[in-house]
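**Q** The residues making up each chain are set out below.
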Amino acid sequence: MNHRRSTEPHVTRRFSLSRMRRTPLSRAMVRATTAVGAVVGLGSCATNAAQDTWQPKGPNAKMIDDLQQPIFAVAGIIGIIVFAAVSYAIWRFKDRGQPIPEQTHGKPALEITLTVIPALILAVVGVFTFRVIFDLAKTDDTELVINVTGQQWWWEYDYPAQNEWGITQPIITSGQLVMPVGTKVLLRETSRDVIHSYWIPALNGKRDAVPGRIHTLRLEADEPGIYAGQCTEFCGLSHANMRMEAVALSKEDFATWVANQQAAYQSPAEGTLAKEGESVFLNQCVRCHQVDGLKRPDGSLAIAAPDENVWSGAAPNLTNLMTRNTFAGAMFDLLRDACRDDVWNAESAEFGAKYLAGVDEACLNVNDLRAWLRNAPEVKPMYANPALLADTNGKYRGMPNLGLSESDIDKLVAYLLTLK
Amino acid sequence: MADTAVAHEGHTSSTGISNVKLGMWLFLGSECLLFGGLISTYMLYRGRVSNGPTPEQVYDIPFTSVSSFVLLMSSLTMVLAVSAAAKKDDRGTNLWLVVTALLGATFVGGQVYEFTAFYNEGLGFTTSLFGSSFYTLTGFHGVHVTVGIIMLMALVAINKRSRVPGSKAETVEMIGLYWHFVDIVWIIIFTLVYLIPV
Amino acid sequence: MAIIERPAPGTTLVPALAPSAPAITPARTFGALRRPVATTGWKSWLFTVDHKKLGLMYGATALFFFIIGGLEAVLIRLQLAAPEGKVLNADLYNQMFTMHATTMVFLFVMPMAAGFANYFLPLQIGARDVAFPRINAFGFWCLLAGGIVVNLAWFFGGAADGGWFMYAPNSGPVFSPSHGVDFWALGLQIAGIASLTGAINLIVTVLNMRAPGMTLMKMPIFTWMITVVQFLLLFAVPVITVALFLLTFQRSFDAKFFDVAAGADPLLWQHLFWIFGHPEVYILVLPSFGIISEVLPVFSRKPLFGYPFVVFSGAAIGFVGWGVWAHHMFASGLGPVSVAVFSLATMAIAVPTGVKIINWTLTMWGGKLVFTTAMKFAVGLIILFTIGGLSGVTHSVAPSDTQQTDTYYIVAHFHYVLFGGAIFGIFSGFYYWWPKMFGKMLNERLGSWNFWLMVIGMNLTFGPMHILGLQGQPRRMYQWTEARAGEGFFNLGFWNLIASIGSIILTLGVLFFLINIVVTARSKVRAPLDPWNARSLEWMTSNPPKEHNFDSIPHVNHLDEFFHRKYEEDPTTHTMREVATAEQVLAELEKNADAHIHMPSPSYWPIVLAAGMPVVALGVIYSIPVAIVGGLIMLYAIYGWALEPATAPAIDHDESSSNGHNGHAVGASHG
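Protein chains in written order, with our numbering: chain A, 218 to 637; chain B, 16 to 213; chain C, 203 to 873.
Everything labelled a hint here was simulated from the structure, so no lab data went into it. Keep in mind that a hint or two might mislead.
Cross-link-like lysine-lysine pairs, in silico, DSSO-like; alpha carbons within 27 Å at most [said to hold, decoys possible]: (1) K492(A) with K637(A); (2) K420(C) with K324(A); (3) K245(C) with K793(C); (4) K637(A) with K571(A); (5) K36(B) with K102(B); (6) K748(C) with K255(C); (7) K245(C) with K36(B); (8) K311(A) with K642(C); (9) K255(C) with K642(C).
If you want the footprint, here are the derived chain A segments under chain C, 3+ residues with CB under 8 Å [what the hints assert, rightly or not]: (10) 270 to 283; (11) 291 to 298; (12) 313 to 322; (13) 351 to 361; (14) 467 to 479; (15) 531 to 540.
What follows is a list of derived Cβ distance ranges for each label pair [as the list claims (entries may be wrong)]: (16) P285(C) with V162(B): 55 to 63 Å; (17) E319(A) with V539(C): 32 to 40 Å; (18) A795(C) with I297(A): 48 to 56 Å; (19) S825(C) with T69(B): 43 to 51 Å; (20) E749(C) with Y128(B): 51 to 59 Å; (21) T206(B) with G399(A): 44 to 52 Å; (22) A607(A) with T69(B): 56 to 64 Å; (23) I431(A) with E136(B): 53 to 61 Å; (24) A795(C) with A340(A): 51 to 59 Å.
Every residue gets a Cβ at the ideal spot worked out from N, C-alpha and C, and that includes glycine.
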């Protein structure tokens with residue numbers, strides 16, 4: 218600061234400001250502000266990220282989106298006003314040697330005005346918010362109920378018997394939530410261990426699945442297709458790998474899917490590799506994994522007992538595994554990339570047929586599946602170290618390494634391919 | 016409980032309340048939230064008995080009423096101690112402090128007896144949510160009473176040697192505040208825990 | 203040390219006061235040790251009860267943990283720079299984000315605010331110390347002990363891994379089998395004692411020890427904000443104390459509190475945690491609001507615009523802050539009525555927050571703005587906090603929040619609030635108050651680098667997180683996958699990379715600050731008495747202040763008392779002209795210097811008492827007998843504390859005054 222330009226005394230004793238002048242704060246601030254604005258603007262350009270929250274594909278998500286878009290806009294405008302005001306003040310009132318101004322302590326009228334305006338804006342926002350909260354909570358016109366249970370680190374979907382949908386006996390599945398389009402689906406969520414959160418951004422906001430409680434969440438999809446989601450309540454080691462996919466099928470395709478899920482079990486033909494795989498499955502996998510209708514050699518039904526081996530007391534039901542596109546809590550695809558893209562990117566008219574075709578040998582993502590069977594904890598972090606089971610009464614959290622031989626894995630893969 | 020910046024000691028404080036007394040009031044305000052949290056936990060969980068006896072099966076209302084009355088009486092004797100201290104009556108102060116401590120000790124003794132009885136009836140700390148939250152709430156209160164007894168006895172011991180630093184009456188009054196607070200909390204606990212049915 | 207005899211110039215020695223009443227003298231002590239006397243060397247720090255030394259110790263501790271927490275953040279960003287990151291495994295990553303948040307919240311921002319409060323609050327109100335100096339020292343040692351316990355877990359089988367919110371039942375013994383959560387809960391419990399004692403201490407100090415003439419509405423705004431924060435702490439800390447006790451009882455003694463099989467409700471933890479946790483947000487940010495409300499007027503050469511509005515909005519935030527906790531639980535399944543109520547309450551709290559931003563802007567309006575580094579950080583806070591505040595409004599709208607919560611959008615939001623708000627305020631405070639604390643000015647050129655790198659780094663790191671979150675990337679994921687990152691150049695992969703690059707720039711910015719500290723420490727240039735042309739009482743004394751702060755306690759007539767002693771209004775132009783230099787103002791005060799200023803002596807017991815606590819904690823985790831040993835240490839310390847003589851042995855004083863102080867000193871110590 219130099220003397221000629223300042224009326225402030227003792228400047229020489231105060232530190233020099235000349236350096237600051239070379240990097241004019243105002244211009245830089247404006248630039249920074251523009252950059253931030255640009256960054257946010259760019260971000261809103263659709264990149265087709267699978268879980269984009271700004272691309273609603275059903276009425277519930279649309280309700281949220283219609284509410285939030287104007288709020289983002291208003292917030293943005295208010296932000297710009299504040300930046301403009303601060304930037305102007307920085308430029309206009311910079312110390313150019315003006316005298317020390319009058320020591321005014323404020324103007325109450327101005328203060329009150331500037332307090333009331335935001336309060337009014339928020340009151341308006343509040344009214345709309347109020348309505349949407351209660352609209353989203355509606356459950357009385359539900360058309361289909363699906364029980365959704367979270368556990369470390371996968372979701373189980375349980376369709377209670379609902380004759381109007383052809384569901385005459387409960388269907389238990391995992392990996393993908395299959396639902397009919399244009400239908401008000403009610404998820405009844407709970408958990409078997411820690412808190413998880415169910416979230417399909419294109420269809421609705423998230424809702425926590427809390428052990429000991431049942432929470433409801435409504436989903437409805439406008440178009441057939443696959444909608445991605447992810448567990449959003451931190452749930453331990455493999456939280457990042459706890460994904461979900463909601464599959465919307467036309468009502469006819471959904472009926473086909475339901476019928477297939479309830480079809481009788483067909484054992485592989487004698488003498489095939491798959492038949493050998495069935496006995497490996499009976500020796501190893503059936504301890505935890507149920508395949509409905511599977512019989513032991515003595516003719517008795519094979520009943521899985523995951524409650525004896527797994528802390529949460531459940532393991533994915535593998536009946537009709539190959540009708541799903543994912544495994545291991547939707548962490549891995551059952552389809553090779555090309556086949557997967559073919560289904561995901563299908564036109565809505567063709568989607569149903571492609572999805573219902575399921576997984577065949579040509580399309581099977583055999584590498585990930587084999588790696589999983591070879592040593593599951595290596596590809597998905599889980600508490601499955603046999604040395605560390607003291608705290609859980611010897612029960613695993615996740616799938617342990619079964620120590621299968623390569624030939625057993627060959628047989629198992631052949632067997633699993635028959636589960637359609 | 017502490018040094019005071021001496022430059023201000025003896026001068027009138029801005030509020031007219033001494034630092035230690037104001038500090039004690041603030042501490043007790045904070046304690047309200049502590050017991051608030053514990054009581055809420057108990058109220059949420061008292062009906063959740065997955066195992067072991069229910070509250071109705073173990074509570075002995077007449078017994079607890081008597082011990083509650085004993086604790087209530089100790090507030091009265093505490094008042095007498097404070098008033099004796101205000102009159103600079105050392106003997107009276109000491110007497111009533113000791114009586115207060117004894118009444119408090121009787122209450123704690125009753126609580127120990129009650130805990131033992133409940134335990135023998137099958138209600139352990141880890142038996143049920145009711146057990147965990149009951150013992151935690153009443154245990155915290157019991158610890159507060161015990162700390163109060165120790166403060167009272169220490170005060171008597173120091174008082175006997177005329178070594179109470181600062182104003183004696185004020186120290187007695189401050190411990191009195193704490194003591195009354197603990198009593199009031201017990202009245203709330205007794206009402207909510209024992210008297211209101213699940 | 204204990205007694206400062208400061209004969210007023212021009213007067214003869216004041217005759218010694220006659221000792222009154224039976225005094226506790228060192229010879230009659232029945233504490234186990236006598237009172238320490240060191241005024242120099244390490245002992246003078248270990249046993250100090252001086253609020254300024256303790257403030258610096260809080261600051262140094264906080265800065266240390268800031269570096270630790272920062273390195274944890276850098277590791278997190280390195281892991282997330284590319285898909286399927288391999289820098290950390292899932293287990294370590296979970297520990298890393300848990301400890302990053304825990305460290306930054308409990309061990310950096312809170313103690314740093316406590317440090318500033320300790321140092322400057324008594325100075326700002328014209329007091330010579332806080333109300334309870336030994337408890338003040340005890341609080342600091344508790345904080346340090348707590349910080350050490352929380353971090354000790356790294357070396358005993360892994361740190362806490364349940365997130366700083368530590369939701370039940372994931373924090374239970376089955377789901378988090380390492381001892382990390384035990385260390386975490388007990389460490390925070392110990393650190394909580396620091397907050398509670400600090401709150402009581404500072405509130406009493408503010409209410410009882412203000413300089414004559416300083417009414418509540420003439421208190422500096424920083425002191426006001428700190429006072430609001432202490433009330434928040436006073437009532438919030440016991441709630442987390444309960445929650446942590448329940449957690450510890452469950453983990454160490456098999457209590458059932460969060461055992462769902464026994465019928466427990468996991469939402470109990472969430473309610474307890476957020477009843478503490480939301481006021482905690484204001485506990486973190488209000489001190490910084492206070493700091494920049496000091497800095498902006500000084501460098502605008504204008505009083506704070508609408509001082510009463512800022513005070514009341516601070517208090518309003520403090521009150522309403524208690525009624526909004528469940529907005530952290532909009533997705534928890536509370537039911538529409540609760541959600542609607544908390545949604546509206548959350549919108550309501552935006553109003554007083556907005557008032558502050560408006561007032562800061564209007565403070566600059568019409569001023570004479572001097573852009574020092576402190577001022578730059580303050581202006582930076584206005585801008586960055588506005589962004590954080592506005593994104594906050596978007597998730598006060600509960601339905602919108604169900605799309606945003608637990609995504610990176612929230613991470614972006616609270617980093618704009620806590621980094622752009624709390625930390626920028628703290629840095630503004632560093633630059634503004636450094637000459638007061640150390641008598642030397644931080645280098646402004648390095649400060650400029652520090653500021654610009656932090657602004658750029660911060661926006662590059664946290665700006666893209668808005669996009670990441672809105673595009674659906676959840677938080678607390680140790681890896682993200684290309685499969686869900688979207689298409690095109692500007693997909694999630696791009697923004698993740700930008701955020702990671704930003705974190706490196708941010709780190710560089712902080713590094714410039716650390717370099718600045720070293721450069722300043724080695725510099726020989728002393729700061730002038732009033733380098734910024736400041737306005738409040740803390741500048742009305744030497745740099746750094748003497749042990750007793752003020753030679754004579756000033757009588758306060760104005761808000762901005764110091765400024766009004768230097769300047770007078772020109773009746774015609776209404777501009778201000780100088781009537782006295784800072785030196786002249788000080789000289790005026792010196793003339794009336796108090797003859798006898800009695801400061802409390804150092805004490806052994808605060809550190810001994812605090813040292814017992816980690817022993818108890820380790821005992822609870824590993825073996826109860828150890829806990830009993832810790833308890834005995836604490837009992838011994840309380841005994842020593844209660845019976846400690848009020849002053850150090852007379853031999854250590856100036857001979858001429860040694861027989862004069864006892865009478866005064868007797869009244870100083872309460873058991």
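**Q** Indicate, hint by hint, whether the structure satisfies it.
**A** Evaluation of the provided hints:
1. Between K492(A) and K637(A) the CA atoms are separated by roughly 15 Å; this keeps the pair inside 27 Å, and the hint holds.
2. Taken as a hint, the K420(C) and K324(A) pair is honoured in the structure, with Cα atoms around 18 Å apart against an allowance of 27 Å.
3. With a C-alpha separation of about 34 Å, the suggested pairing of K245(C) with K793(C) is violated against the 27 Å cut-off.
4. Taking the CA atoms of K637(A) and K571(A), the gap is about 14 Å. The hint holds against a cut of 27 Å.
5. A C-alpha spacing of about 19 Å is found between K36(B) and K102(B), which places the hinted pair at or below 27 Å, so the restraint holds.
6. With a C-alpha separation of about 11 Å, the suggested pairing of K748(C) with K255(C) holds against the 27 Å cut-off.
7. Proposed proximity of K245(C) and K36(B) is contradicted: the alpha carbons are some 31 Å apart, above 27 Å.
8. For the hint linking K311(A) to K642(C), the alpha-carbon distance of about 26 Å falls within 27 Å, and the restraint holds.
9. In summary, the hint linking K255(C) to K642(C) is supported, as the alpha carbons are separated by about 17 Å, within the 27 Å threshold.
10. Check result for the stretch 270 to 283 of chain A against chain C: holds, 5 residues qualifying (beta carbon to beta carbon below 8 Å, three or more required).
11. By the rule of at least three residues with a Cβ nearer than 8 Å to a Cβ of chain C, the coverage given for the stretch 291 to 298 of chain A holds, with 4 such residues.
12. Under a criterion of three residues with beta carbons nearer than 8 Å to beta carbons of chain C, the stated coverage of the stretch 313 to 322 of chain A is upheld, 8 such residues being counted.
13. Counting residues of the stretch 351 to 361 of chain A whose CB lies closer than 8 Å to any CB of chain C gives 3, so the stated coverage by that chain holds, three being the minimum.
14. Counting residues of the stretch 467 to 479 of chain A whose C-beta lies closer than 8 Å to any C-beta of chain C gives 0; at least three are required, and the coverage claim is violated.
15. For the stretch 531 to 540 of chain A, the assignment as covered by chain C is violated, since 0 residues bring a beta-carbon within under 8 Å of that chain's beta-carbons and 3 are needed.
16. A beta carbon spacing of about 56 Å between P285(C) and V162(B) agrees with the range 55 to 63 Å that was offered as a hint.
17. For E319(A) and V539(C), the Cβ-Cβ distance of about 51 Å falls outside the hinted range of 32 to 40 Å, so the restraint is violated.
18. For A795(C) paired with I297(A), a C-beta distance near 54 Å keeps the hint of 48 to 56 Å intact.
19. A hinted range of 43 to 51 Å for the beta carbons of S825(C) and T69(B) is inconsistent with their spacing of about 35 Å.
20. Here the CB-CB span from E749(C) to Y128(B) is close to 55 Å, well matched to the stated 51 to 59 Å.
21. The supplied range of 44 to 52 Å is broken by T206(B) and G399(A), whose beta-carbon atoms lie about 56 Å from each other.
22. Evaluation of the 56 to 64 Å hint for A607(A) and T69(B) yields a failure: the beta carbon distance comes to about 33 Å.
23. For the pair I431(A) and E136(B), the beta carbons lie near 34 Å from each other, so the given range of 53 to 61 Å is not met.
24. The given range of 51 to 59 Å is respected by A795(C) and A340(A), whose C-beta atoms sit roughly 57 Å from each other.
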